[in-house]
Structure formats: structure tokens, C-alpha cells
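Sequences listed follow chains A and B, in order. In this text, residue positions in the first sequence follow the numbering used here: the first is 979, and each later residue adds one. In this text, residue positions in the second sequence follow the numbering used here: the first is 21, and each later residue adds one.
Keep in mind that a hint or two might mislead.
According to the in silico footprint, chain B covers these stretches of chain A (three or more CB under 8 Å from chain B) [to be verified]:
#, stretch
1, 1015-1027
2, 1044-1052
3, 1158-1171
4, 1210-1216
Listed next, with one range per pair, are the computed distances between beta-carbon atoms [claimed, not checked]:
#, chain 1, residue 1, chain 2, residue 2, range
5, A, Glu-1006, B, Glu-169, 32 to 38 Å
6, B, Asp-85, A, Ala-1019, 36 to 42 Å
7, B, Asp-104, A, Gly-1178, 41 to 47 Å
8, B, Ile-48, A, Glu-1207, 26 to 32 Å
9, A, Tyr-1236, B, Lys-125, 33 to 39 Å
10, B, Lys-153, A, Ala-998, 36 to 42 Å
11, A, Leu-1195, B, Lys-125, 41 to 47 Å
12, B, Gln-51, A, Arg-1046, 40 to 46 Å
13, B, Asp-121, A, Cys-981, 39 to 45 Å
By construction, these hints were calculated from the structure, which means they are not laboratory data. For glycine and all other residues, C-beta sits at the position ideal for the given N, C-alpha and C.
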Amino acid sequence: MNCEKADKLLMDSLMGALGAEERRDLDEHLASCERCGEEAAEMETLWHELGRLDDSRSEVPSDRLTRRFRLALADFETNLHETSRPRFSEWWAGLWTARPAWQAAFSAAVLVMGVLLGAGLNSRQSLNEELDELRAEIETMSRAVTVSLLKHQSASERLRAVSWSRMSGGDDKVLAALLDSARSDPNVNVRLAAVDALAGYADQGSVRASLMDNLELEKSPLVQLAVLEAVAGDEGLRNGELQRLKEASEVDQTLLDYYAAQAESL
Amino acid sequence: MPVITTEDGNGSGGEQRVNQPEDLELMIAVQQGEVGKMGTLFERHHARIYNFCHRMTGSQAASEDLVQEAFMRALKYRQTFRGDADFLPWLYRLARNVCNDYFEKNQRFPITGEDLPEGVSPDPSALDNAQQKEQVCLLREALLRLPVERREVLILSRFEYRHYDEIAQLLGCSVGAVKVRVHRAMNQLRETYRELLKESES
Ligand SMILES: [Zn+2]
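The shape of chain B in the complex, shown without the other chains (with noise of 0.2 Å):
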């Protein structure tokens, strides 16, 4: 019988819920002229937004822009903001826009092993053969080739939130089309990295 482990992958998403009443405070302050708040908001979450648009295009350098564009949106659009609902599911949604736009512009696919940081895994130890780390290398591809949405709500799913309500407010379909989704993307998941696999083995 499987054990099915459900440990948090890096801590960024589902112990802190979203609904933080000061960041709400902060943005209808920005909405009412005081834009610099949105300073402090930039300081609250902008590791948790590039963390997001890292794992869905894989490129550092990228990334950057894309947080600062999701930002400056965030500015931008600041009376599209609606007081009665959380900031960060409306912040991860121009988040979400800015990396779709960015698709658009640049359709170089696969990104392969873009920028891949040096030591692999935190736990050298666990992948200390080459033939495991290739296997890291394999899946970080198959996820960068799903589609755009499927490897959002994989994202999400795996790294940034921990409940299908967050997931399904944040991308405004219901907890049953999460579920849909993610199940479909897992599956394509697996196909991609077994077709990876047996690429590399030939």
C-alpha cells in the first residue's frame, strides 16, 4: 500500500494563508493615492511572485523582469483591485498575465536546463549518482514542456498553494476544474518523463 506523503515543498505556500487584513489595508491605501505602500507589499511578496514565475519559465533573468512587471501593474491597475477580495490572489493573477505574455513573446520551447544552478538538489547525499541527477534534470524539463496552464496549476498545486480553493479562487474556476486540471496535468507530466527517460536511455 503506498504511503502518500504530503509535505510542504519549500514552506512558501500553505502554512500562511492568504488572506492577510493588512495587505488589504495597504492596497485601498494605494488605491487612495498613497502608492508608495505598495512599497511594503513589493517587500511582503515579491519573493513568493519570483519563486512563481521562476518555476514557470525556469529562467532567472526572466524572472526578474517579470516580477517588477507584475508590480508595476499592480501600480497601474490599482483601481482594479477590489476591496472586498485578498490581494495576493489578485496579485498572483497579473503575475500569471505577465508570464503568459511573456510565452507569447518569446516561444523558444523547451527552455532546457536554462541557467540550472550548480548543486542540483539541497541533498547531495540522496542524488549522489549522475544518472540520478540526470533524472532531476529530465523532470524539470518534462514540467517546462507541459503547456502553459497545465504547468500553472502544477505550480500552484504542488508549490504555492495547498488547498484547491485557494487554487481555484486564484484562477477563478471552480474546485472541480482544479481538480480536472491538475489531474491532467499530472498525467502529461508522466508521459512527458517517461518519453524524457527513454530518449536519454537510447
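Extracted from the complex, chain A is given alone in its bound form (with noise of 0.2 Å):
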């Protein structure tokens, strides 16, 4: 082995990646070639030193960059969820095209309603009973669907169900498929969109306590927020919620901090 080669192979041995007959002969030079042997010691060393150098770098940043990233964090959520949130409107629009079942569907009764409007002019009694018969018909075909959808593989579907939700009424097969998406849906969305679709029936007690379940193990921010806002309304929480948030072991300090205070100022 010549000087040269020595050299580049010392890096390698350095960084542990010399096969054995490498190594043997990389030695056989080392201690034959006196330059060699002493440039190779003087670098081992700078290595080692190197090493030992680092020790007192390698440590634990302080708990305030994880603080700040988690805030960050949630603020971007946000932000994602404003832009990308489907409104009722898009969901409808992509309903329209993507199902031509429901399209004939609906057509159909637009159609009926469109005639029953025209009747209304004679008989304004009938036509409200013909109506509520009518929503009675979609309520009842949206309920299926909705129940049907949410157990839907993609994400996006699921969304479109609980959209669908809302022309369902209270029913409590709905009400009750909405509750299992806004615990367990693997998707933030969903559960933000099911929480929604549950605060007009907050006020009802099992949908309001289930809600209040949801603290315990939910970890988004966002949607704690969003079950916060539902159950709370405008009167802010009840005496034992409070007390039950502050057992949540998930909850957001900031929001914590903000039911507390709210509940004071009531």
C-alpha cells in the first residue's frame, strides 16, 4: 500500500468502514511508514476530540420550542381547515354530478314541490300538509344515506355525509352514527364536521354529555374547540363540565383558561 492510498483509507477506518483485509493492510502501512503513522494519530485524535466535543452540545431543548411549535401548529390547522373546510354549497355541487341516482331523485321531487307550490295557490292548507309530507320523504331517504355514508372508506365521503346529516332532522340513528364519527373518525375533518352537524342538539342531554365524552380522548385542539363551542353556547358550561374539563387530561390549556374565565364572568 503507498502513502496515498493509506490516507483516503484512513477517513473510512475512521468512520468504521473498512472491511478486514483493508484494515489489515491499512495497519501493515501504519506502521511501516513513520509520516503516515503519525499523521494517522494526529487525525484519530482531532476525531476522538471531536467526539467528546459534542457531549456537552447533545442535549434536550427546552420545553418552550415544543410549546411554540404546538401553538404554531394549531394555528395552522386552522388556517387549513378555513380554506379547505367544504361548505354545503361545493358538497351539494359535487353530489349533484357524482350521483345521478339522487340527481333523478331530486329532480323528482323539485318537481313534485313545483307543483304542490302551484296548487298552494288554491289551497294553502294542503300544501303545507303535502310539504311536510315531502320533508318527512327526504328526511327519512337522507337518514339511510347519511347512516350508510359515514361508514364510508374515504375520508371525503364521509364528509359528504355528515353534510347530508343536516337535512336528516334529529333522528336518533343519525344522531347516533354523527356521535360515533365525532369520537372516532380517523380524520380531523370529519370529527370538526360531525361536531358541527351535533351543536344544534347540544342542548339535548345525551348528545351533550357524549360530546363532552369526546374531551377525554380528543387530541385536536381544533375540534375541542369546536365541542367546547357547541356545548357551551351562549351560556358557557354547566358547573360540572367545567369541573369535567379540567379533568380532561387532553384539553388545551389555552381553552381551559378561556371556559374558566368565561364561566367566572357568568
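With the hints as a guide, bring the two chains together.
Listed below in C-alpha cells is the structure:
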């Protein structure tokens, strides 16, 4: 082995990337060539010192860093939702083109409504009855669709289902399916939309209690906020609820502070 | 005959291989809209990225900003992550770019012993005389005086990764190119260190 080759292999040797044979050759050269031997010793010392130098550097960054990032992340998430959360009208447009069968069904429904409106000129009373009937029919239909669609594999389909649920009134099965989505859907958008859809029923004891249960598990501060908004409404949290909120370990500190302050001011 | 040591610097790199399927799953979820999952990735990797930035800049305060910026870029540019690649090298690339931007903005050079911790060595008995302490400071400064790309490859090979192929993947170059860079970086470090030693003696 010549000196040039030895110099090349020296770095590999420091990196622990030498095969047994190369290592033997290198060691042989370093033992027999004074200049390379000294050079290797110097490099080795430097490499070793460099490693020691770092021991004081390797440290756990402060908690402040984590807190800062969590806030920025929550912010980012919020902005993302504001720009990408599907609006009912968009969803409606998508549905309209994506589902020819429903398109037909609704065309028929709208046609019936038009006819009824025309007829209503003659008999307001019967028009209201007919409309109620029609509304009930649409609700039944959307209920079935909602419940099955909430189990769909694709998150965007589930999102549609949540929007769809708004048409189906406070049916128990739909509410149960929505509560299930709000609690355990893996997609944060779907959970959020489900909570929003449930907000109108938050005065019902079972819906309210079930939403509060979510706070024990919910990790996204955004969904936490949506749940609290839904439950608190204008009247604030009830006594027991605030207590539970304080005990729910996952809830964001900022939210805790806010609702505690709100409760006091009320 | 020299005994070549290959002990791990601080255990932050080598023993844990880069490719964790869970990272990949989380990152893909982030891409698909569950950006909150970036929180888990942050928990998992921010200390590592922090140390990298700290080694690169020598400044604790700057490093905190740089880590934050690196992860925010990971969110912003989440769609540039390719699902068939490893997460950590991608994250490191972002961190490198963040550091480079930092150096472009802050041309103060060199950073002489800035925010040097009080106890420089975890093993004070080995450095119980002033001369040795000074040598540590000088070596640190020599490292900070290296051009960014040389400091980077040295930091990666000495402290972060144990294998050429990992570094090559990270830097997007061949193993051969990494070897050349590390070699040059070490030689320059030695020269700079020698000069600093000479300066301090006179
Ligand atoms: Zn030789």
C-alpha cells in the first residue's frame, strides 16, 4: 500500500467502514511508514476530540420549543380548515354531479314541490301538509344515506355524509352515527364537521354528555374547541362540565383558561 | 499502531436506523390533511434536529428558531415529501436549508464561543487543566470556522449518522462524494485547529 492509498483509507477507518483485509493493509502501512503513522495518530485524536466536544452540545431542548410549535401547528391547522373545509353548497354541487341516481330523485322531488307550490295557490292548507310529507320523505331517505355513508372508507365521502345529515332532522340513528364519527373518525375534518352538525342538538342531554365525553380522547385542539363551542353556546358550560373539562387531560390549556374565565364572568 | 476508535458520539444517531414505518404513515396522514399528526413527528424528532442546528450554528437561541422553522416548512411543503422515501432524510434536508438561509442572513463569522456552556465537558476530570479547556474551545471554534458544507458533512458523519450511505442519501450525492467531502473537511479542520493553537500560544 502506498501513502496516498493509506491517506484515503484513514477516513474510512475512522468511520468504521473498513473491511478486515483493508484494515490489515492499512495497519501494516501505518506501522511501517512513520509519516503516515503520525498523521493517522493526529487525525484519530482529532476525531476523538471532536466526538467529546459534542457531548456538551447534545442536550434536550427546552419545553418552550415544544409549546411554541404546538401553538403554531394549531394555528396552521385552523388556517388550513378555513380554506379547505367543504362548504355545503360545494358539497351539494359535487353530490349533484357525482350521483346521477340522487340527481334524478331530487329532480323529481323539486318537480313535485313545484307542482305543489302551484297547487298551493288554491289551497294553502293542503300545500303545507303535502310539503310536510315531502320533507319527511326526504328526511327518511337522507337518514338511510347518512348512516351508511358515515361508514364509507373515504374521508371525503364521510364528510359529505355529515353535511347530508343536516337534511335528516334529529333522527336518533343519525345522531348516534354522527356522535360516533365525532368521537372516533380518524380524519380530523370529519370529526370537526360531525361536531358542527351536532351543535344544534347540544341541548339534548345525551348528545351533550356524549360530546363532553369526546374531550377525554380528543387530541386536536381544533376539535376540542368545536366541542366546547357546541356545548357552551351562549350560556357557557354548566358546573359539572367545567369540572370535567379540568380533569380531561387532553384538553388544551388555552381552552381551559378561556372557559374557566368565561364561567366566572357569567 | 494507532487504535482507531469508533465509539458513538452521543447515541443520537447510529443505533437507530432512519427508516421507521410509523414516521412514514404519520407523514402520509399529514399530506392527506391530518396535519395535526405533525405534532407526533415533532415530539419524536425535534431534539435531533435541534442538536443538528445547534452544532451547525453554535447558538442555542438561533437553533430554537431554526427547529421551529424547519418543522413549519415540513408542514408548508408537505406535498413535496415522497411517500416512497424516508421521512428523516427529508426533514434533515429542510433543516439544512433552514440553516443555510440562516447563514446567508447572518454573516457574523466566526461565532467565537457564543453561549458556551459553563461546564464544557461532561467529564471534568479529563479536562481539569486550563490548557485542555482552551483546546476544546479552539476545536469548537475551528469547527465553526469551516465552510457550511464542510461543517455539515462533518457533523453528520461524526455525530448524527454512522454510515456513508445514510449521509449520501441525506445529501443527495454518491457515497464516493461523501467520502471525499468528509476527508477534505477533516483536513481543513486540522489545519484550522493548528492555526488557532498557534495563535493562542503566541
Ligand atoms: Zn505512508
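Comparing the hints with the structure gives:
| no. | hint | verdict |
| --- | --- | --- |
| 1 | 1015-1027 | holds (count 10) |
| 2 | 1044-1052 | holds (count 6) |
| 3 | 1158-1171 | holds (count 4) |
| 4 | 1210-1216 | violated (count 0) |
| 5 | A/Glu-1006 with B/Glu-169: 32 to 38 Å | 34 Å, holds |
| 6 | B/Asp-85 with A/Ala-1019: 36 to 42 Å | 40 Å, holds |
| 7 | B/Asp-104 with A/Gly-1178: 41 to 47 Å | 44 Å, holds |
| 8 | B/Ile-48 with A/Glu-1207: 26 to 32 Å | 30 Å, holds |
| 9 | A/Tyr-1236 with B/Lys-125: 33 to 39 Å | 37 Å, holds |
| 10 | B/Lys-153 with A/Ala-998: 36 to 42 Å | 39 Å, holds |
| 11 | A/Leu-1195 with B/Lys-125: 41 to 47 Å | 43 Å, holds |
| 12 | B/Gln-51 with A/Arg-1046: 40 to 46 Å | 23 Å, violated |
| 13 | B/Asp-121 with A/Cys-981: 39 to 45 Å | 41 Å, holds |
Of the hints listed earlier, those the structure fails to meet are numbers 4, 12, in rising order.
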